[in-house]
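All chains, full assembly: derive it from the sequences and hints.
Protein chains in written order, with the numbering used here: chain A, 1 to 322; chain B, 1 to 261.
Read the hints as simulated data drawn from the structure, not as lab findings. Please note that the accuracy of each hint is not assured.
Claimed, not checked - Mimicking BS3-like on lysine-lysine, the simulated pairs with C-alpha atoms at most 25 angstroms apart in a straight line are:
| id | chain 1 | residue 1 | chain 2 | residue 2 |
| --- | --- | --- | --- | --- |
| 1 | B | Lys223 | A | Lys141 |
| 2 | B | Lys111 | B | Lys210 |
| 3 | A | Lys55 | A | Lys108 |
| 4 | A | Lys162 | A | Lys216 |
| 5 | B | Lys223 | A | Lys216 |
| 6 | A | Lys162 | A | Lys108 |
| 7 | B | Lys206 | A | Lys141 |
| 8 | A | Lys108 | A | Lys216 |
| 9 | A | Lys2 | A | Lys52 |
| 10 | A | Lys162 | B | Lys111 |
| 11 | B | Lys223 | B | Lys210 |
| 12 | A | Lys108 | A | Lys141 |
| 13 | A | Lys216 | B | Lys111 |
| 14 | A | Lys55 | A | Lys216 |
| 15 | B | Lys132 | B | Lys111 |
| 16 | A | Lys141 | A | Lys216 |
| 17 | A | Lys108 | B | Lys132 |
| 18 | B | Lys206 | B | Lys223 |
| 19 | A | Lys162 | B | Lys132 |
| 20 | A | Lys2 | A | Lys141 |
| 21 | A | Lys55 | A | Lys141 |
| 22 | A | Lys162 | A | Lys52 |
| 23 | A | Lys216 | B | Lys206 |
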Amino acid sequence: MKRHFRVWRGDSSGGDLEDFDVEVNEGEVVLDVIHRLQATQTPDLACRWNCKAGKCGSCSMEINGMPRLGCMTRMSTFTADETVTITPLRTFPVIRDLVTDVSFNYEKARETPAFAPPAGVAPGEYRMQQVDVERSQEFRKCIECFLCQNTCHVVRDHEENKEAFAGPRFFIRAAELDMHPLDARTDRKQHAQQGQGLGFCNITKCCTEVCPEHIKITDNAIIPMKERVVDRRYDPLVRLGRKIFRRDQLEAAGESVPRATPATAETPSGRRLPESPALGPDGRLDIAELSAPIQGGPSPFGEDITFPLPPERVTYHHPDPS
Amino acid sequence: MTTATRPGVRARAAITARTLRTDRWWLAPLITFLGLTAWVTYATVRVFMHKWFYVEAYHYLTPFYSPCLTDRCGDAAEFGTPLPNFWLIPEASLTLPFLLLFRLTCYYYRKAYYRAFWLSPPACAVPDRHEKYSGETRFPLVFQNAHRYAFYAAAIISVINTWDAIRAQATGLGLGNVILWVNVIMLWAYTLSCHSCRHIAGGRLKHFSKHPVRYRFWTFVSKLNTRHMLLAWVTLGTLALTDFYIMALSADWISDLRLIG
Ligand code: SF4
Ligand code: SF4
Ligand code: FES
Ligand code: FES
Chain A
1 MKRHFRVWRG DSSGGDLEDF DVEVNEGEVV LDVIHRLQAT QTPDLACRWN CKAGKCGSCS
61 MEINGMPRLG CMTRMSTFTA DETVTITPLR TFPVIRDLVT DVSFNYEKAR ETPAFAPPAG
121 VAPGEYRMQQ VDVERSQEFR KCIECFLCQN TCHVVRDHEE NKEAFAGPRF FIRAAELDMH
181 PLDARTDRKQ HAQQGQGLGF CNITKCCTEV CPEHIKITDN AIIPMKERVV DRRYDPLVRL
241 GRKIFRRDQL EAAGESVPRA TPATAETPSG RRLPESPALG PDGRLDIAEL SAPIQGGPSP
301 FGEDITFPLP PERVTYHHPD PS
Chain B
1 MTTATRPGVR ARAAITARTL RTDRWWLAPL ITFLGLTAWV TYATVRVFMH KWFYVEAYHY
61 LTPFYSPCLT DRCGDAAEFG TPLPNFWLIP EASLTLPFLL LFRLTCYYYR KAYYRAFWLS
121 PPACAVPDRH EKYSGETRFP LVFQNAHRYA FYAAAIISVI NTWDAIRAQA TGLGLGNVIL
181 WVNVIMLWAY TLSCHSCRHI AGGRLKHFSK HPVRYRFWTF VSKLNTRHML LAWVTLGTLA
241 LTDFYIMALS ADWISDLRLI G
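Structural data, given as structure tokens:
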């Protein structure tokens, strides 16, 4: 059966909604329709996608005005005579058709301090209790579709806030690390407030509404982070206590980030430690593989290793069957 | 070829429609607007009525007048009558401001009125139409962060409300008692489901495993907390209903349905 669609086509110099009638079969999702469009009427229609299973976060678009994953929006949720309007994400600069430039999010990711390993515990020796990591684990479900970033009115309606505001996806990152039982940084609350602009959020919960992973972004990350900031910043009793007991200076002294385990430390097997990927000349990770010296994501094993390893360098010993 | 960046031009897609949403996104903010406006109007009228707040025979006192602190209170005054009789001074002048502050700074009500009254944003992916936006980073909204103190006050006031329900138990059992108890239980549920309470109970900890009792309390509050929005509306309902029932009894429009005594 043919259904009516309107798809935004164009690039950063302009564009418009174009009308199409496309065949739709039972059980199909919006991304299927876009693929059919590419196969039949508009071979040059640009669209990002990868997994078609709601797990890669590539196919974010706006369907009838709501930010959603194209591969997770069933055609059966619309009535047969309904026109379905598909547009690119509005908050980010458009590249072409349904593809937008989401580098805003990668820049914000870079500005978020990474996990700081606890001093004196070598990688591979981290031990945590399930109840302690549970809260952080919810946030690991994030597939980085950036639908929440796109919906958040702080940047969606106010381009000028992009500089100061990191967005919900990075608030859950901040909360994940601040609640992490082994993270050694103590300045995550200040960073959330001053570096990420947590105060801009007015907890209107649109990020939670659109998250395809159903992460309770506002209730479990943003509000707890706001409360944690209050502990430090606005709670006069706590501040007074700090002043009187001079704890502020103690804490300030302790707030330097402990360094990762020195490279000479030994792993349980006595062999080589995991290494961090190579950094660019600016001391940061490359955000696009195009500008990286090699294609593909940086290897956690270091760039000088090729697989399979020669047998004498393998650190794994098969247990003796006898 | 995939690349995250494209040098040069950085313009958003030129889409003329402010929103392309086709569902009735305006319904939820509209209902919130009407509901909150109606409730606030009712409560304001009742608070400044200065009558029909107490049923002597059964010791029913409406939560809007508790604790009753002016000379008009008569038998209802449990904590003395330090306040003067002046029409601008509500009988419960010492508690109402804190309750107002508690609900005003509540994380749920903030969402509700930012969306329904301030239209910032009216609904998801619908533009907020404000020139500038600084969220809760500046005066006066930065004071929303004081919610925790309003929570402490509200917890104390819930104790006073509980006392009112216990005191009304002096003579038998009537429908009024049941209504008062339901109201008090709902008020406790709402107060304990508060996000600040969740934080204080255990949310601020880094290691739950080192604080098993607080972890259990946190788990309990978290369960209530997922219903915070529901409880916020239910308590508006039970408060208005309790008050209306007691007003109707006090004004002799109806008589209490007695179950015992
Ligand atoms: S709750 Fe905060 S972060 Fe989430 S969409 Fe609303 S303003 Fe943005
Ligand atoms: S938090 Fe949810 S909406 Fe935001 S990027 Fe992650 S999966 Fe997408
Ligand atoms: S294609 Fe991977 S999430 Fe839709
Ligand atoms: S009362 Fe609603 S969050 Fe505290």
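Results of checking the hints against the structure:
1. Under the criterion of a C-alpha separation no larger than 25 angstroms, the hint pairing B:Lys223 with A:Lys141 is consistent with the structure, at around 21 angstroms.
2. For a cut-off of 25 angstroms, the pair hint linking B:Lys111 to B:Lys210 is broken: about 34 angstroms separates their Cα positions.
3. Proposed proximity of A:Lys55 and A:Lys108 is supported: the alpha carbons are some 21 angstroms apart, at most 25 angstroms.
4. Note on A:Lys162 and A:Lys216: the hinted pairing holds, with a Cα-Cα distance of about 23 angstroms set against a maximum of 25 angstroms.
5. For the proposed pair B:Lys223 and A:Lys216, the alpha carbon gap of about 13 angstroms is at most 25 angstroms, so the pair holds.
6. Restraint check for A:Lys162 and A:Lys108: the C-alpha separation of about 10 angstroms stays at or below 25 angstroms, so the hint holds.
7. Restraint check for B:Lys206 and A:Lys141: satisfied, since their Cα atoms lie roughly 20 angstroms apart, inside the 25 angstroms limit.
8. Restraint check for A:Lys108 and A:Lys216: the C-alpha separation of about 21 angstroms stays at or below 25 angstroms, so the hint holds.
9. Restraint check for A:Lys2 and A:Lys52: the C-alpha separation of about 22 angstroms stays at or below 25 angstroms, so the hint holds.
10. In summary, the hint linking A:Lys162 to B:Lys111 is supported, as the alpha carbons are separated by about 22 angstroms, within the 25 angstroms threshold.
11. Pair hint B:Lys223 plus B:Lys210 holds up; C-alpha atoms about 21 angstroms apart against a cutoff of 25 angstroms.
12. Between A:Lys108 and A:Lys141, the direct Cα distance comes to roughly 19 angstroms. Compliance with the 25 angstroms bound is thereby established for this hinted pair.
13. With a CA separation close to 15 angstroms, the supplied pair A:Lys216 and B:Lys111 stays within the 25 angstroms bound.
14. For the hint linking A:Lys55 to A:Lys216, the alpha-carbon distance of about 18 angstroms falls within 25 angstroms, and the restraint holds.
15. With a CA separation close to 18 angstroms, the supplied pair B:Lys132 and B:Lys111 stays within the 25 angstroms bound.
16. Distance check on the hinted pair: A:Lys141 and A:Lys216 sit about 11 angstroms apart at the alpha-carbon level, within 25 angstroms; holds.
17. About 22 angstroms separates the Cα atoms of A:Lys108 and B:Lys132, which keeps this hinted pair within 25 angstroms; it holds.
18. Using a Cα cut-off of 25 angstroms, the hinted pair B:Lys206 and B:Lys223 holds, with the two alpha carbons roughly 19 angstroms apart.
19. Simply put, A:Lys162 and B:Lys132 have alpha-carbon atoms about 13 angstroms apart, close enough for the 25 angstroms limit, and the pair holds.
20. Between A:Lys2 and A:Lys141, the direct Cα distance comes to roughly 36 angstroms. Violation of the 25 angstroms bound is thereby established for this hinted pair.
21. The straight-line distance between the Cα atoms of A:Lys55 and A:Lys141 is roughly 9 angstroms, inside the 25 angstroms bound, and the hint therefore holds.
22. This hinted pair does not check out: A:Lys162 and A:Lys52 have alpha carbons roughly 30 angstroms apart, beyond 25 angstroms.
23. Pair hint A:Lys216 plus B:Lys206 holds up; C-alpha atoms about 19 angstroms apart against a cutoff of 25 angstroms.
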